[in-house]
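Asker: Following the hints, position chain C against chain H.
Chains H and C, in that order, give the protein sequences. Note that my numbering numbers the first sequence so that position 39 is 39, with each residue one more than the last. Positions in the second sequence are counted from 1; adding 1000 to them yields my numbering.
Hint data in this document are derived by calculation from the structure and do not stem from the laboratory. No false leads were mixed into what you were given.
Derived DSS-like pairs: lysine-lysine, alpha-carbon spacing no greater than 25 Å straight-line:
#1 1045/C - 51/H
#2 166/H - 140/H
#3 1355/C - 1430/C
#4 71/H - 1125/C
#5 100/H - 1409/C
#6 1378/C - 1409/C
#7 1378/C - 1355/C
#8 166/H - 1208/C
#9 1125/C - 1045/C
#10 1279/C - 1182/C
#11 1309/C - 51/H
#12 140/H - 90/H
#13 1354/C - 1436/C
#14 71/H - 1409/C
#15 1421/C - 1334/C
#16 1334/C - 166/H
#17 1365/C - 1354/C
#18 1125/C - 51/H
#19 1355/C - 1406/C
#20 100/H - 1355/C
#21 166/H - 1430/C
#22 100/H - 1378/C
#23 1378/C - 138/H
#24 1096/C - 1107/C
#25 1354/C - 100/H
#26 138/H - 71/H
#27 71/H - 1378/C
#28 1279/C - 166/H
#29 1104/C - 1125/C
#30 71/H - 1430/C
#31 71/H - 1334/C
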Amino acid sequence: MAGQYTCPICSQASCQRKRTKTRTISVSLFILRLLSLCGLFSSRTMIRLFKVKEKQRELAENASGGAPVKKQSAGELRLHKDISELNLPKSCNIQFPNGKDDLMNFEVSIRPDEGYYASGTFLFSFQVSPIYPHEAPKVKCKTKVYHPNIDLEGNVCLNILREDWKPVLNINTIIYGLYHLFTEPNYEDPLNHDAAAVLRDNPKMFESNVRRAMAGGYVGQTYFPRSM
Amino acid sequence: MADTSSQPSRSRDLDKLLLRPGNLVGATFEPGPELRDALQEDFVKVLVVGAGGLGCELLKDLALSGFRNLEVIDMDRIEVTNLNRQFLFRLEDVGKPKAEVAAKRVKERISGVNIVPHFCRIEDKDISFYSDFSIIALGLDSIEARSYINGVACSFLEYDSNDNPIEETIKPMVDGGTEGFKGHARVILPGVTPCFECTIWLFPPQVKFPLCTLAETPRTAAHCIEYAHLIKWNEVHGGVAFDPDDPKHMKWVYDEAVKRAELFGIPGVTYSLTQGVVKNIIPAIASTNAIISSACALETLKIVTGCSKTLSNYLTYNGAEGLHTKVTEFERDKDCLVCGPGVLIELDTSVTLKKFMDILEEHPKLQLSRASVTHRGKNLYMQAPPILEEMTRSNLSLPLLDLMDKVPKDVLHVNGTTVKKDEKVTCLRKLRVVFKGVDGVADMDTAGGA
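Next comes chain H alone, as it looks inside the complex (with noise of 0.2 Å):
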């Protein structure tokens, strides 16, 4: 036996593990290191283990009772990072309304200081999911607004928040996104098809109508209220 190597993972005397330097940690330790190398669980040792872990869940239980812990998802982390690297300008501003502790839920408010609504101030609501930046975060503009990519109900036509999300872009890229829309309306994605038409064939009109939208009254049926 003596002088008589075996693999403990695969029991091959001639495997190649062996020349692992790590005698000197402790044998489990060992063990340990070689699973994670060979991708195999040492499995006798799992039921085992099973047996020991109940008592010391017994033991532990009596002890002290296990105070429940908030675990954070990997969504919050990230968006945690999202969040406190945010480099608004000054038109944007970020609001938490259920506090410091809840950053899946927000608003942002655009005020933009150029072009067909300038000095508007417009609100967005934010959700974020469990499972960001794998899924886009779900962006409603909770003022009503006449634009040619908002819709009455607050639906945001920007691509980047459906079919060309990627998990690199981020809550900043989203937020310059949508201020982008307020410099830059455009007619060719249209969500109120009214608003495009009247900025593709009237952009004097297009913005007469902004301004009484924005103003607080009528644009043909539809009533806004004051947004300025």
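Answerer: This is chain C only, laid out in the frame that chain H set:
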């Protein structure tokens, strides 16, 4: 075990695996009747998450593989459309909780097995509920639910001071998934093999149609359905949230989609397609579930008994054109925020949050400046935006231990900027913070030496 000896044939197949030595077994495998009987002991408890297409199969497979103590959790009730493949359910069960009916049926058919059903959401259970199980088998259909269970299982994982996972804290998971003719089975041993979050990029992003296409230029039946679902519903129902499980809601969306399809001359809108598009359903194939479940049940048995090497670590199955199956050994993300060891930091109990942030800046492994700190969902300090910075600023002068609710050893997450190859980069890191000289951490300090 009187009944096993009176019915020797009951475990005949299992005996071939568990009573005899072999060449492909784990090194510490100790065959014998004790091992077989140990499967029935109270300390071998398996949780099956999901009692749907995979869950039904898993419960049956595990019960027939000799496991005696099973529990199953599922929040859904049985629907008529489940009956073609969720074979534990009958027409008269429609409307009843899946978990309860599944548990009852398997218990009726397989004597001696004990199955406890839980008719609730996975989030409704305390974390301690999950710590009870030896192993967790997943038969789920959503990334979100997998990510949640993975987070729970990884939260039990502890590392020693050499960043090696502590064996007793590893909560193994076996995850199955199917989509039509395709499926996967994987073994997750947190700290040893990649966790769900290490490889979340494996899941392709959901196809989402541009809203303006839906509103203006629909071309397919799915466009018409999504228009009715995403745009028309809100227009008509205002504040009422759409509930995909309410047949009246679904019927309304279907009717609207039909009208829209007629308007644009688009064929193909059916009620079942409407359900499929809205709930993102891919038709399930019973035999795919059976194949994937059997792989998962076998891996469970292998992990527990050591009767063979385990799958390493991700099996994909494709039965669409012929049959293709392959096992890939994915690697762990060493910096995974969920299963990774994080950076171990020892602190005095008097350290304030501000001092802690200074330590992060000087720490050779981190050199992290402008740190924002979060602990179990509580934001201790945020560098930005100004509104959050203001709300968290008063924490800076408080002892970190107090901010961490006096827990002497816990995980924190920080992000900030660090310098990599002369360039400033932002990074998000996991830290294992240990306070020196507080009860309960002495054994942690000495584990593994160093």
